[in-house]
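Engineer: Line order of the protein sequences matches chains A and B.
Residues 1 to 510 (the numbering used here) make up the first sequence, in order.
Residues 1001 to 1401 (the numbering used here) make up the second sequence, in order.
One thing to keep in mind: the hints can contain errors.
[Claimed, not checked] Okay, derived cross-link-like pairs now, EDC-like style, lysine to aspartate or glutamate, Cα gap no bigger than 20 Å in a straight line:
no. : chain 1 : residue 1 : chain 2 : residue 2
1   : B       : K1398     : A       : E62
2   : A       : K333      : B       : E1284
3   : A       : K393      : B       : E1218
4   : A       : K240      : A       : E446
5   : B       : K1212     : A       : E403
6   : A       : K351      : B       : D1225
7   : B       : K1212     : A       : E446
8   : A       : K179      : A       : E403
9   : B       : K1399     : A       : E446
10  : B       : K1398     : A       : E446
11  : A       : K497      : A       : E208
12  : A       : K317      : B       : E1284
13  : A       : K320      : A       : E403
14  : A       : K253      : A       : D267
15  : B       : K1214     : A       : D380
16  : B       : K1212     : B       : D1225
17  : A       : K255      : A       : E446
18  : A       : K390      : B       : E1218
Keep in mind the hints are simulated off the structure, nothing from the lab.
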Amino acid sequence: MEDDIILDFKDVTKRFPGVVALNKDTFQIRRGEIHGICGENGAGKSTLVKILSGVYPYGTYEGSVIYNGDELKLGQSSIREAAEKGIAIVYQELTLVSTRTVGENVYLGKEPLEHGAINWDKLYADTQAILEKYQLDVDPRATVGNLGVGKMQMVEIAKALSEDAKVLILDEPTSALSKAEVEKLMDILRTLKEHGITCIYISHRLEEFFLITDRVTVMRDGKVITTQPTKDVTQNDLVKFMVGREMKERFPKGKRKPGEVVFEVKDLEAFDPDNPTHKIIDGVSFNVRRGEIFGIAGLMGSGRTELVLTLFGEYGKISKGQIRLGDKVIQPKSARQAINAGLSLVPEDRKRMGLVLIQSILKNISLPNLDQFSKFFRIDANAEMQASLKEAKSLAIKAPSLEVLAETLSGGNQQKVVISKWLLSEPQVLIMDDPTRGIDVGAKFEIYKLMNELAEKGVAVIMISSELEEVLGMSDRVMVMCRGHSTTTLPVAEADKERVMALATGVAVA
Amino acid sequence: MNTSTTDDVKAQSLGTRVIQSVRSNIQSYILLIAVVGIWTIFFFATQGSYLDPQNISNLFRQMAVTSFLSIGMVLVIVTGGIDLSVGKLAGFVSVVCAYLQFYVWFKYLPGQVVLPAILSVIGGLLVGVIAGVVQGYIIAYLSLPAFIVTLGGMWLFNGLILLVTQGKTIAAHQPVFSDIAQGYIPPVWGWGIFVLIAVLLLWNMFSGRRSKQKYGFEPRPLYLDLLTIGVIVVLVFAYIFSVNNYKGIPAPVLLLAVVAMIMIYVSNNTRFGRYAYALGGNREAARLSGINISGVLFRVFVLMGFLCGIGGVVLASYVGYGTIAAGTGYELDAIAACILGGTSPLGGVGTIYGALIGALIIASLTTGLQMLNVAPAWQYVLKAIILIAAVYADVYFKKHR
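Chain A on its own, in the form it takes in the complex (with noise of 0.2 Å):
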């Protein structure tokens, strides 16, 4: 059984126009395991992924890839052909059709067909048969688009098995997830790996290598550096070998010293636009002082998000409450209220929120300062390019560049761009929410450094994160939300996981 290879990677050499994406990489996967991989962005990663998917089909690559004992042999439209010979993959980015029902998904292109029409009953009973095969709580009936982001995970997962899958690869699933939806995913892992299916498990998050994968196999640089059993290796040995040297402290520590206060919010109510009788904010109130860093702690759904997007006027219509900025009170209306006010946004989904993908670097960063840059109506491109120059510059934006298309970047660089662009708009607060999402470990340090350089400088910063770790290990202070309210706000010397935890969980009060 030990020797029981599924997958044996042979010198897979991938090339691109000037990199080497993949180099000489050679490791295996045995039967049945569930096998991390880890490493940077950039490790190669995604391309081994778009190799087993067959994005990138047999022969343009160099070396081989052995799948149950035969050479694994894609072919030009291959995803499908991947698909059927038993290799499913559930991306980062989640590929559902949201208008339509779990069913319709699981089964979208192979719909069972009786006399060239679908047969629903079938569709929906299959995929009732596959959800409980694999403990999935999922109703087959219900539609996608109103489920949340840890149940439409599941349906990913089910309609990757609806064709027997042998082999699952699972790129970041938890990047979206709350800590109670990664509990319930990694149940669905060990169920799966009961029913005798590989697993090849690709995440940021290191800690969840250890509690369920039996193998790590780090890359760096397009090279696999090892593989490992997860048992004979620690969070900062993976660390290590990913980054190439040993990283002393995962958290920066700064010389902040927190001034006045110069943000607070005060009994904050607030309700849903769109649903005025769903009160989305109760009773929320915290202060922010010069040169700190404020961390908000909360699950998935508690609030956070959505009280950023108030304060900065562009979501819930407050009911009740003060906002005050240095000695104004202000009720923003708009973001560009909030931004001329001195408050910041670097939002939660870069991607969907952050960035105009298609438009340069330089566009992105000016964009919400023109107003800098312009004359009567003519907007000086000189000076445009001068300011956006030096914050790319002191960011360390990597990118041959400014021109450059932000959709050409990796996930840190995305990050430092929209970053910068709020730092060009001098703000006395910035919110960053959720900033080091779905990005590797380095340029993670390198945006807790930055935070810290921020605060230095007197800007108060407040960041909200999914991860606890970070959060206790950036901030000064910590403010805890669950359902819509702020439970209390702690100084950092005093908040531990488990008690943020359980007052974010309701399990405790403050």
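Starting from the structure of chain A, add chain B where the hints point.
Structural biologist: For chain B alone, coordinates are given in the frame of chain A:
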């Protein structure tokens, strides 16, 4: 930032840099090559008469009306919308002008020619702007889909055309008013305009270079700037030389050139233009960047209405009549010109320059096929094939760059 980049650029040879600059603008060149190709084919097919001064003169004059519409349509499509009403709106403006010319001014300002023409133009533009304001308000502030609102607009303006004309044709070929679209710039003035363009281009180039240096950026090598300007100057010279052999620059072509220059400037160098592209690229990101989405959308449709106003005035003057069929189908020509010119139907991408070349391609085909006496049925079939093939080529090259 990768600091070695600038040094790399410096080290590149002249040839590589020219090639690079060609490659990065490949789409614009492909379009120009298409125009040259079409002209060459028709040149030989018509034994040379296709490129006669008279035909060149007519070709550009014919494309003027839809070109005004395409200029506005680019911005509408860039913001992720569509405007189906532009043809009928331009038509409505044209019958309003004809009505004013023939019935109103004839009665109240007898014997005058200049003042009525001016008033007709103002009236026409006003109608366009009001239509733009109403449609823009409904789309931007009441958040109704542009497709539906402008489909309604198209029917409405069609109805209004029938109301104003009472089903009859109204004459609009009075002196002065006719000159708007049928007049010519005397050849001497034409050369004056040529000199003016050349001087402005050079002045613009040198002041641009100076400004770059002031900010510490290295300007492009002088020869590249001069090469660009040289190519433009030669093209303008060739055009003016050709039309001067007939009657001079057609007035509507000059008007189109001026409007196009202003609109290209607005789309590239003003906040309004930038915001339009940004919100078409990602509305949510634009909103969170502090852009007043509704305000920008509203202004785009008002501008579209204004351009329909210009198009309608030129149409009335060009045709010399206000007719019930005025402007029919122009909206589709305008949309086709944008798409041919590289505007993405998904929004966020597109240039006015491209749309104008697109309009030129359509006009070149129409004129050429007419000269060859191709039956109208086959003209449509050929145009269909060329439109689809051109867009496919565009998609193909983007994918395989």
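Engineer: It remains to establish, for every hint, whether it holds in the given structure.
Structural biologist: Going through the hints against the structure:
For a cut-off of 20 Å, the pair hint linking K1398 (chain B) to E62 (chain A) is broken: about 27 Å separates their Cα positions. A hinted pair counts as satisfied when its Cα atoms are at most 20 Å apart, and K333 (chain A) with E1284 (chain B) qualifies at roughly 16 Å. Taking the CA atoms of K393 (chain A) and E1218 (chain B), the gap is near 18 Å; set against the 20 Å cutoff, the hint holds. Distance hint between K240 (chain A) and E446 (chain A) is fulfilled; the C-alpha atoms sit about 16 Å from each other, no more than 20 Å.
Restraint check for K1212 (chain B) and E403 (chain A): satisfied, since their Cα atoms lie roughly 16 Å apart, inside the 20 Å limit. At roughly 36 Å between alpha-carbon atoms, K351 (chain A) and D1225 (chain B) are farther apart than 20 Å, so this suggested pair is violated. As the CA atoms of K1212 (chain B) and E446 (chain A) are separated by approximately 32 Å, the hinted pair breaks the 20 Å bound. Between K179 (chain A) and E403 (chain A) the CA atoms are separated by roughly 39 Å; this puts the pair beyond 20 Å, and the hint is violated.
With a CA separation close to 34 Å, the supplied pair K1399 (chain B) and E446 (chain A) exceeds the 20 Å bound. At roughly 34 Å between alpha-carbon atoms, K1398 (chain B) and E446 (chain A) are farther apart than 20 Å, so this suggested pair is violated. The hinted pair formed by K497 (chain A) and E208 (chain A) meets the criterion: a straight-line CA distance of about 16 Å does not exceed 20 Å. A threshold of 20 Å between alpha carbons decides the hint, and for K317 (chain A) with E1284 (chain B) the separation of about 18 Å falls inside it, so the pair holds.
A hinted pair counts as satisfied when its Cα atoms are at most 20 Å apart, and K320 (chain A) with E403 (chain A) does not qualify at roughly 45 Å. Proximity of K253 (chain A) to D267 (chain A) is assessed by CA-CA distance (about 32 Å); at most 20 Å being required, the pair is judged violated. A C-alpha spacing of about 12 Å is found between K1214 (chain B) and D380 (chain A), which places the hinted pair at or below 20 Å, so the restraint holds. Between the alpha carbons of K1212 (chain B) and D1225 (chain B) the distance comes to roughly 13 Å, so the proposed pair stays at or under 20 Å and holds.
For the suggested pair K255 (chain A) and E446 (chain A), the alpha carbons sit about 16 Å apart, so the restraint of at most 20 Å is met. A distance of roughly 16 Å separates the Cα atoms of K390 (chain A) and E1218 (chain B); the hinted pair therefore holds under the 20 Å criterion.
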